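S.K.: This is what each chain is made of:
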Amino acid sequence: MAGCIRNLAATVFGAALTASVMAGAARAEETIKVGILHSLSGTMAISETTLKDVMLMLIEEQNKKGGVLGKKLEAVVVDPASDWPLFAEKARELIEKDKVAAVFGCWTSVSRKSVLPVFEELNGLLFYPVQYEGEESQRNVFYTGAAPNQQAIPAVDYLMNDEGVERWVLAGTDYVYPRTTNKILEAYLKSKGVAEEDIMINYTPFGHSDWQTIVADISKFGSAGKKTAVVSTINGDANVPFYKELGNQGIKAEDIPVVAFSVGEEELAGLDTAPLVGHLAAWNYFQSVDTPENEEFIAGWKGFIGDEKRVTNDPMEAHYIGFNMWVKAVEKAGTTDPDAVIDSIVGVSVPNLSGGYSTMMPNHHITKPVLIGEIQEDGQFETVWETPGLVVGDEWSDYLEDSKSLIADWRAPMSCGNFNTATGKCGGKGVN
Amino acid sequence: MISRYLFENGLSPRILALVAVILAAAIILPALNLALPESHPLHVPTYMISLIGKYLTYALLALSLDLVWGFCGILSLGHGAFFALGGYAMGMYLMRQIGPRGVYGNPLLPDFMVFLNWKELPWYWSGFDQFWFAALMIVAVPGALAFVFGWFAFRSRVTGVYLSIITQAMTFALMLAFFRNDMGFGGNNGLTDFKDILGFDIQADTTRAGLLAASAVALALGVIVTARITGSSFGKLLIAVRDAESRTRFLGYRPEMVKLFAFTTSAVMAGVAGALYVPQVGIINPGEFAPANSIEVVVWTAIGGRGTIIGPIVGALLVNAGKSWFTGALPELWLFALGGLFVLVTLFLPKGIVGTLQEIAASASERRKARKADAEAVDGEQASPVGAE
Amino acid sequence: MRLFGKIAVALLVVFSALAPALAADDSLRDIVSGFADARNFSQTEKIVTQLGKTGDPAVVPLLEALGEGDLRVRKEDRAVFIAKGKGTVTLLDPLTREAVGSATERELTKIKVNNSLRRSIRDTVGGLALMAAAPEKRKAAASTLFANPDPAALDAIETAMAAEKDPAVAESMAAARAAAIVYSDRPDIEKSAAIEIIAGIGSRDALALLSSLEARSQGELKEQAAAAIARANRTLAFWEMGQNVWYGISLGSVLLLAAIGLAITFGVMGVINMAHGEMVMIGAYVTFVVQELIRTSAPGLFDWSLAIALPLAFLTAGAAGFAIERGVIRFLYGRPLETLLATWGISLILQQAVRTIFGPTNREVGTPSWMSGAFEIGQITITWNRLSIVIFALAVFFILLWALNRTSFGLQMRAVTQNRRMAASMGIRTPMVDAMTFALGSGIAGIAGVALSQIDNVSPNLGQGYIIDSFMVVVFGGVGNLWGTLVGALTLGIANKFLEPYAGAVLGKILVLVFIILFIQKRPRGLFALKGRAVEA
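These protein sequences, in sequence, are chains V, X and A.
Counting in this note's numbering, the first sequence runs from 1 upward without gaps.
Counting in this note's numbering, the second sequence runs from 1 upward without gaps.
Counting in this note's numbering, the third sequence runs from 1 upward without gaps.
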């Protein structure tokens, strides 16, 4: 436990140091400021703190390489405390008061929705690193996480083709990401000929901890003589008790596999994964991916955080990609001016950690490979399937009635996030 | 005319000074923001304007809680619910104002309904395109909830912690309900992406300044209402109920009616605060119902000083300013600072900041009076009974 | 001559036994070496089926190793070995399981398996194990085959049945045979008999078999299957009721554990203790620390980790409670509502402290082997960890009840809460009793944390999830009455679980909250109200 005490001391000391250094450095030389808007307290701290740390690491490494445009980068960390209106307030503070060149942040959809108007109004840049429900494309936001077609649909395809699944449980936490993803999946499954009664949809509240009934329901649904799988969009905290209950009730991956879109290495770190071997997750990155870039990234991360046991996960990779894209776009534009960066970043390609290149598309989403992994006993995933090439993030789903005919392209002359190909008009923004 | 009305009805100079300060802020801050160029040292950035506007609505919320807790002894751990309901009423109006400018361009349905495949507007959303209706609902919904809740609770003589806990249950249940997407209030994401209010662009500096001014005026009105209620003979009754409910009942009063009135009035004030809060922060979501938020309001009130009118306002402003500053300056440590502050204030300033200051001032003036009395006694060679109380 | 003959016979026997074995061994090795060249899952699967067809029980451990991901290929010579563990590992021969050398992890590639592969391994192993020597293994194999019927295994099952002596195993095999028949193309008469056997079992798996048969058959058989389904459904509905009660009791016991410490600090002492949840959290983190220490220094003790953590969690949380009472709360007696503010501040500080020390992410608390798994009573599945928690919660409750009613400390505690001045005049050191009472309540919250670490996240937010529920339970049951807390917790737990299937998890919880609000109107002091003058004070 000496390490813990040291951690505490280091944090206290570090914070004091950062404060004083920041004050001093601001005078000493001109820097480019980068805002980090991740919750460090409250319910989301569990996931978001890691992303703050990874950003600090990336900035430190960039500074070692000489910074950007000959200037050092300076991180401005704030704590929006898992409080959604506070996200908007802090975003405003970062852009207006601290004059940051770009902001890396947000996790939940609601926090992103909360800050959107602020970025739009003050013309800031936001890099959003988490898989989300799509149905959005905003000029000032770059979505480096997966859109539903980069995660959910390939996963379902895999289960259908490789595991012969015919009956589906779509279980999620009751908020917009699972709702939308399940809507898309439902439409997709029906288009593949799955009958209505072979789909069960279940929503639970945030932080749901008593899964006995639902897990029993799932096993009941699964005993109809057809191969059944669970597609889980259960959010963060609720996953640990869910998987513990699955393990306890003896639902094995061979019988009813669970494929999750919000469970990564970090979530598994809090679990004994031995009973969960074979359950699946769909992401664009796994720590177990065997490439030199990834090895270097993992080594860098473990060294930075000073803990051999810490793991890496998909949103961290998304920040890695997003940050490098921003750096490249700034260098290409020769300035950090948001308008110039927005123009120059489209088409920028940077290496991702799974051995390919990710490119920023005109819809402000990026190209990524899709990996399906099975949980292993050591808490890692083993890739069992991956898309042959890269998948372009599709912001407006083709499987939803109202978004079918919408597209986004932020290049001139269209410059529109929701262009309606049916009417030939740019909806929303185009009207006023 | 107005000032005469106020004076004659017994508003103390202290309250009037407070009202004057708030109203001055309503005029001066927007003026400093709009009239001065950005380079001017006295320029107030827009960022500060919405921040202060938000604080003022918090202050009104704290004041509303003070009316029931500080003056009437009902500790509500669910005041956030009234605040959020007022906020939702305003949010629904703002959503309807977006009209066809949503991402899907649907003229009637808000975006979140479109992508949940809703085909028509639920009945409870109708009418909210009219501001007057929304304004009515802002006061009517929290008021009605408080009235019904209070009617049952106070008549059943639910008191003390039992009442506190069921108010908490109420806000918790509402939070869970509003989290449900099937309720038609946008689920966890709540209502957001507002465009304009009463025809003014919600992102314009002038609108922000106007909203700040409106919040300040609402707060000033809240202060006057609270002062009028507590200053009247009814206010004495409130305090009587707070200090000795049974005795008040035995004297022939009906404490449940007194409480019901205070509770409903307070809920309406909280609702108005919520309605002003929403356009300034740009989002309303079920998180506002979280029991922790309601507890925080109690904390502001306690830190400022309950049972005083200035106290909750000072508390709300101080704690929130502290929070804004700490979360930026000490992102890793701010909870230690905030938590420590709560503990220290409870231990060392049991009456809150304002309450303690008043006590010091009172004892100082008492000492002065006593000295004066002593001097008089020497002069007039007789003992004075002043200060006996 | 005789001797000679004997030797010759013996030799013959040995040879005849050995020769095919050797030959089989060679051909097995050939098949096994194919694993090294399999490029995808379906190729690996082909080899597994091939191995299964040999009918040789020797491949069972090999297949099991493959299923667990322990079958690896040495990169330099493409030889296949069983190898467990990390770093430098011992290589075992895949068939004889003898150690034949060692290699580092980097020199080996693991043969990948996925779910469908694991399934086919399980089925293959199931078929092979039917002839195993141990009856429990045969029975397990039969149950596997029942749950995962395979018409191809029908012959194997029938052979095994013919040789089976143990009646219990034979019964399982008959069930497995019936299940396989459902999927086979045997005549309808056999299927009809199979329906009766399966219907007699009446479990979920049986229902699945019957529904599948109903969907694929016509005429009389379909009707018979439908009737059997209806029968099975009736039994299951009955059991479901029981299952719900069990879930309710289990949820209730979690609520009881979370609330029981609060019943002391809040119920008995009147402190609105918002830091209660953090005491639970402390207990959970103590469990984590204990397990970490055990993992690094004495892995053998892991099954005892919870038992070791219990007293430590009690002491740690109790000490924290003692410090809080001495440092803060004792200045606030007589101002109960203000304890809310101070303890709220303390809870923020404790949360952030844990976040700083242990990091914001979830920490892994393992489950001891005796708490893993489940058993069945009829059609009710009871998991060991839930059962342990129920028993543990009740034990804590009764020990506490005993401590309050039968020990001198309990007596002093009740004396102080009932009439402080009188108690003081009788020579009781009331401040000490206050501190010890608060420490007791906190300590109990701490041991609740040990139990909750088994079913929930161990994160800084752990306590926040329970604090509101705990207050609801204590208030619903009646402040100041332990029995009220017990009845309250179980009532709310069962009510919640009965509402959940109809209303869904969210609405169910809302309804329970509304019910509490309404109930308090009816009984403003909870279920078990304290009577007498003290309540008005």
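Derived by calculation from the structure, the hints in this document are not laboratory data.
What you are looking at is a predicted structure, and each value in this text was computed from that prediction instead of being measured.
Each hint should be verified, as a subset may be incorrect.
Within a straight-line C-alpha distance of at most 30 Å, the following computed DSSO-like cross-link-like pairs (lysine-lysine) qualify [stated by the list, open to error]: (1) K86(A) / K252(V); (2) K222(A) / K302(V); (3) K252(V) / K137(A); (4) K190(V) / K86(A).
Calculated from the model, a selection of chain X residues having no Cβ within reach of chain A, i.e. all distances over 10 Å [unchecked claim]: (5) V44; (6) Q203; (7) A370.
Note that the Cβ used here is the ideal one computed from N, Cα and C, for glycine as well.
S.K.: Each hint should be assessed against the structure and marked as holding or not.
M.R.: Hint check:
{"no.": "1", "hint": "K86(A) / K252(V)", "result": "holds, 25 Å"}
{"no.": "2", "hint": "K222(A) / K302(V)", "result": "violated, 62 Å"}
{"no.": "3", "hint": "K252(V) / K137(A)", "result": "holds, 19 Å"}
{"no.": "4", "hint": "K190(V) / K86(A)", "result": "violated, 45 Å"}
{"no.": "5", "hint": "V44", "result": "holds, 31 Å"}
{"no.": "6", "hint": "Q203", "result": "holds, 34 Å"}
{"no.": "7", "hint": "A370", "result": "holds, 29 Å"}
The earlier numbered hints that this structure contradicts are 2 and 4.
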